[in-house]
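Peer 1: Residue strings, one per chain:
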Amino acid sequence: MKTIRWGKWRPRLLAAYLEGEVGTSEAAAAERLLAESSDAREELEQLRGIRAALSNSGREFADVDLLPSIKARIRDGAVVRVGRSEGFLERLWRRPAAAVFAAGLATAAVCLGLAFVPRGHATDEEFRAKSASLAPNPARWAGVQAYRVAAQVWFHGYLRAPDGPAPQPTALGEALGPDDGLLFSYTNLGSAPLANLMIFAVDSSGEVHWFHPAYEREGTDPSSISIQKGAAQVPLAELIQDKFPAGPLTIHALFSHRALHVLEVEGWLKRDPRANLVELVPGSVDQILTTRVEP
Amino acid sequence: MRLQRQCDDDLVRQAREGVDGAFDELVRRYQVELLRVAARYLGSNALAPDLAQNTFLQVYGALDRYEARGAFRAYLHRVLLNQCRMAHRSAQISLRALQHSEFGRSSDDLHILEREKQRELERALNGLSQKLRDVVVLRYCGDLDYEDIAQTLAVPIGTVKRRLFDAMEKLRELVEPR
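Protein chains in written order, with our numbering: chain A, 1 to 295; chain B, 1 to 178.
Because the hints were derived from the structure by calculation, they are not lab data.
Predicted model only: the values in this text are computed from it and were never measured.
Glycine included, each C-beta is placed from N, C-alpha and C at the ideal position.
The reader is advised that the hints may include incorrect statements.
So these bits of chain A aren't anywhere near chain B, every CB distance computed over 12 angstroms [as the list claims (entries may be wrong)]: (1) A35; (2) E36; (3) E174; (4) A175; (5) G206; (6) V208; (7) K243; (8) L263; (9) L269; (10) R274; (11) E294.
Pairwise CB distance ranges (calculated) [to be verified]: (12) A:G247 with B:G70: 45 to 53 angstroms; (13) B:T159 with A:G23: 16 to 24 angstroms; (14) A:L269 with B:Q118: 38 to 46 angstroms; (15) A:W268 with B:L174: 50 to 58 angstroms; (16) B:L174 with A:A275: 50 to 58 angstroms; (17) A:E19 with B:R123: 21 to 29 angstroms.
Partner residues aside, some chain A positions facing chain B, computed with beta carbon under 7 angstroms [claimed, not checked]: (18) P11; (19) E21; (20) S25; (21) Q46; (22) S57; (23) F61; (24) L67.
Hey, can you work out the whole structure from these sequences and the hints?
Peer 2: This is how it looks when you write it as structure tokens:
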């Protein structure tokens, strides 16, 4: 019969025992060890805790749906299927220098681009960001992430309930409650990052709601907020509370090189609610997110 | 037969032939586990959707080259791990900055403690060698069995087990209260 000696194998024995990956003799050895040693019992509990923490992580992803964004990218030609007849290695062999260069570029793009690729939780509309410039394409590098803060977690104006669990803003999806709050963060990478950002929404009645910059008093004309260049997932601390009518809500994140003014943008939208802002502001990126405000 | 009841290889074959919804079903089937693995591997929820999405896109792009051997899940995770490793190595993105900027965190005391525990675990995972981290993340976050992990990493099952047990002990040492 195989005898398990404690020594250096003891840690592995306990981990294997926890996993149920021991034979009869090892199980007996582990149980003897646990019966005799409080240290061993403590170690086993620690291992159990680590396993539980790892297994329980990521529950917040249960409602995430990557499908709309994946389909949008496939539809937009972001990925092309490579046929069996001409695989990557074959092309590499045929044109080694070009292929190695392209592979290097692609790798660099992936490394650099991980933080800007549109979020999986968004609707298809989020990925219809347009750019007036062809290269480098700023729409690939600039974008916002939107989060919804459910209304029931409000308590005396603070983002927490007195006894319940602390609120967890969730990625903005297809629906928004009438009293929900909104939070945003932005990513602004690439070789020519932009300098200014406006975030606003157009509700079902055509009214424009300003989030960043805030537009609270008539007679003023605030301009775009300045944004960090070369930064990813920068939070905009202000929590947006607004009353939206039920129906579709279109959120624009307008990145631009020059600072724009609220009245100038409102003027364009008044003339044409479907105005192509990218054509009006050369070099800009207009990321559009759509959601629906529930009654 | 309904797509939900078909095996991965059949879905790949149908996706290749252009059957509507076949690739969608593969995404639905595996997206959550990919997100969990990516988030834990990088210690950042913020990047996980991008990595998972890139993985599916890469797999879609190579559908015609996939060889049906009943190991699609392992194949998918192999692609994801490559994405994760690239991201992990990338000096262009400050994961720490991203972690600080994540909104899905609160200032509640309980959550601060929980968050500290999670960070400690993240630090410990970062302290593992890549080989050990791969195994432990696939096993507990991806919920892969030993055989799937062995196929993903192209190593024998015995090696998977040994690495897992070593990883757990190493993690225990790293997170043990000082």
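Peer 1: So, for every hint listed, does it hold in this structure?
Peer 2: To see whether the hints hold, each was checked on the structure:
no.	hint	in the structure
1	A35	20 angstroms, holds
2	E36	19 angstroms, holds
3	E174	16 angstroms, holds
4	A175	18 angstroms, holds
5	G206	29 angstroms, holds
6	V208	24 angstroms, holds
7	K243	22 angstroms, holds
8	L263	30 angstroms, holds
9	L269	28 angstroms, holds
10	R274	29 angstroms, holds
11	E294	22 angstroms, holds
12	A:G247 with B:G70: 45 to 53 angstroms	48 angstroms, holds
13	B:T159 with A:G23: 16 to 24 angstroms	18 angstroms, holds
14	A:L269 with B:Q118: 38 to 46 angstroms	43 angstroms, holds
15	A:W268 with B:L174: 50 to 58 angstroms	56 angstroms, holds
16	B:L174 with A:A275: 50 to 58 angstroms	56 angstroms, holds
17	A:E19 with B:R123: 21 to 29 angstroms	23 angstroms, holds
18	P11	4 angstroms, holds
19	E21	6 angstroms, holds
20	S25	17 angstroms, violated
21	Q46	5 angstroms, holds
22	S57	6 angstroms, holds
23	F61	4 angstroms, holds
24	L67	5 angstroms, holds
Consistency with the previously given hints fails for number 20 only.
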